[in-house]
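> Once you have looked at the hints, place chain H on chain G.
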Amino acid sequence: MTGDHTNQLPLADLHTTAGARFGAFAGWNMPLTYPAGVMKEHLHTREHVGLFDISHMKLFLVTGSGAADLINRACPLDARALDIRQSKYTFLLTETAGIIDDLIITRLGDQRFMVVANAGNAATDEAHLRALAKDFDATIEPLDRVFIAIQGPEAPAVLAKAGIATDELFFMQGFEPRANWFMSRSGYTGEDGFEVGLPEADARELLGKLLGDERVMWIGLAARDSLRLEAGLCLHGNDITPENDPASAGLMWAIPKDLRADGAFIGRAALATILADGAKEKRVGLKPEGRQPVRSGAELFDADGKLIGRVTSGGFGPSAGFPVAMGYVSTQLAKAGTRVFADVRGTKVPVDVHSLPFTQHRYRKG
Amino acid sequence: MTKTYYTEDHEWLRVEGDIATVGITDYAQEQLGDLVFVELPEAGRKVAKGDVAVVVESVKAASDVYAPLDGEIIDANATLSSDPALVNSAATGDGWLWKMKIANAGQLEGLMDEAGYKAHIG
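In order, the protein sequences belong to chains G and H.
Residues 1 to 366 in UniProt numbering are what the first sequence spells out, letter by letter.
Residues 1 to 122 in UniProt numbering are what the second sequence spells out, letter by letter.
Chain H with its partners taken away, still in its complex shape:
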């Protein structure tokens, strides 16, 4: 069973078992504008909640994307190296950023569901 969560920093997580796929929301990509570079993490890297996992760069600025949970990065979306704009065109689909193995599933409880996120962005 898959469940989707959202963070206050405009990330989404699709959780299946103990694996989370993470990306930024459509709202976030719209705020950032056209992306031209995504600095991807290496598989095997351990991250703590709040660590910078990915840096997305638009024409104008670089923005951090934070790990929403503790865990280990197991994959990054290599397609974004050649096509960073995929994050703009398919933020919640093919424009995912990384997959991670969740270390502490309890941290999911602090995240929002879709209705909560919609209320968050107003």
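Chain G extracted, bound-state conformation:
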């Protein structure tokens, strides 16, 4: 983002009516909580359906005969190998394999891809892709859409009642159900769910139906954060940044093995060196002992008082029932069960390295 301008969501009036408390995030004035509060909102999403306005995130349509090659250059991904409708979690990387942003890319057609980017990085991503696109026959079109996420075990039933069939879509698949709509079975809560990008007028009509369903509740950014943290999912800017590479971040699962040797992607050589030498630090889950949360920015120490890492996200996990956190530790301490210590306002809080996620994913896979 540039300047002090704060973007307003197209549906801001609906959130105001719903009693939202707003706050700034990534240049946007976002609903943080609704009157139910973060705890109830979080638990409701895991039990029923949470409705999230994620219109701050940006959809880019990448089209053209060189679209797949552009993506293969920008991301450690084989776009040509994707099935139509298949979605993949991937990244934009720097030459040093730093993570510029994490993205979801869906193949909509032979020469047609949807890229979903984070709000705070959308301008950077667009400039990066446009600069690369000069070498390819590819067009990048930022879309003006309302983007909503419908997350939770009852999401398919709720959408069906609203007249939207979901049966033919499995986790990490997406398509264009009607003109100017994009819908995928994905999300950032660890639950089954959907994300729908659509024009504002259509969105207002759909939301009218969804909000009339008692299983549906608006969920703010605070619970979105606790849900994704429990699910072990990274927040770009906190858990992954251009200073982190996919190997240290534990995200190599997102990179097809054959690409590591001969992929066309920017950062391949640097990533190969990191893999050959072994990552010096690893992203891990962290479970503080007791009830006191450890937060982003807290330094981590070993039993001898040596600085060995840092917390990148931390808070309380309402479903887990205990504080949850994520961070980086020296690779030799990255094994689950290793005891380390977080400095919280001068007190050393015992913290155990913990496997991720903290709450099991419940995706609907094909």
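One or more of the hints may lead you astray.
To be verified - Lysine to aspartate or glutamate pairs mimicking DMTMM-like chemistry, simulated, CA-CA at most 20 Å apart:
| # | chain 1 | residue 1 | chain 2 | residue 2 |
| --- | --- | --- | --- | --- |
| 1 | G | 88 | G | 214 |
| 2 | G | 335 | G | 277 |
| 3 | H | 46 | H | 30 |
| 4 | H | 49 | H | 75 |
| 5 | G | 40 | H | 75 |
| 6 | G | 348 | H | 42 |
| 7 | G | 40 | H | 26 |
| 8 | G | 335 | G | 299 |
| 9 | G | 348 | H | 64 |
| 10 | G | 280 | G | 302 |
| 11 | G | 335 | G | 352 |
| 12 | H | 49 | H | 94 |
| 13 | G | 40 | H | 30 |
| 14 | G | 88 | G | 69 |
| 15 | G | 161 | G | 126 |
Since the hints were derived computationally from the structure, they do not count as laboratory data.
Coordinates of chain H only, in the frame set by chain G:
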């Protein structure tokens, strides 16, 4: 006789003789959201006005609660260790944070009464 005072930092004090019971206001708990942890002070700790006496932690963030007066902490609400949400449900009652012995009663004069506090939060 009991008198209740308020601070600009959204704390309330119930004063009986030279003992003050301190908590955060309903407005403050609403702003903070669901509390999940309260870092309580030890009895016997001497505090000066403006020192951090307690840290309350919501799902999302940690917030300081300041000593509104000079004095000595004589008790903390141990129930909050197991039930921090009591601050949300009963901010001005069972969700009190600590009791302190007032060192300088003159400092009470700078605090607000209920009408003043209501005007402060608008």
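> Under the criterion that the straight-line Cα-Cα distance not exceed 20 Å, is the pair residue 88 (chain G), residue 69 (chain G) satisfied?
The hint holds at about 16 Å.
> Check whether the Cα positions of residue 348 (chain G) and residue 64 (chain H) lie no farther apart than 20 Å.
At roughly 18 Å apart (the allowed maximum being 20 Å), residue 64 (chain H) and residue 348 (chain G) satisfy the hint.
> Does the structure keep residue 46 (chain H) and residue 30 (chain H) at a Cα separation of 20 Å or less?
Violated - the C-alpha atoms of residue 30 (chain H) and residue 46 (chain H) are around 29 Å apart, more than 20 Å.
> Would you check the hint for residue 49 (chain H) and residue 94 (chain H), treating anything up to 20 Å between C-alpha atoms as holding?
violated, 24 Å
> Is the hinted pair residue 280 (chain G) and residue 302 (chain G) satisfied, with a Cα-Cα distance of at most 20 Å?
holds, 16 Å
> Given the proposed pairing of residue 335 (chain G) with residue 352 (chain G), does the C-alpha separation stay at or below 20 Å?
holds, 10 Å
> Given the proposed pairing of residue 348 (chain G) with residue 42 (chain H), does the C-alpha separation stay at or below 20 Å?
Roughly 17 Å between the alpha carbons, so the hint for residue 348 (chain G) and residue 42 (chain H) holds.
> Assess, step by step, whether the Cα of residue 40 (chain G) is no farther than 20 Å from the Cα of residue 75 (chain H), and give holds or violated.
violated, 32 Å
> Does residue 299 (chain G) sit within 20 Å of residue 335 (chain G), going by the straight-line distance between their CA atoms?
Between residue 335 (chain G) and residue 299 (chain G) the Cα gap is close to 18 Å, so the pair holds against 20 Å.
> Has the given pair, residue 88 (chain G) with residue 214 (chain G), been kept, meaning a C-alpha gap of at most 20 Å?
violated, 32 Å
> Need the status of pair residue 40 (chain G), residue 30 (chain H): alpha-carbon distance at most 20 Å?
holds, 14 Å
> Taken at face value, is the distance from the CA of residue 26 (chain H) to the CA of residue 40 (chain G) at most 20 Å?
Holds, because 19 Å separates the two Cα atoms, which is no more than 20 Å.
When each numbered hint is compared with the structure, violations occur for hints 1, 3, 5, 12, 15.
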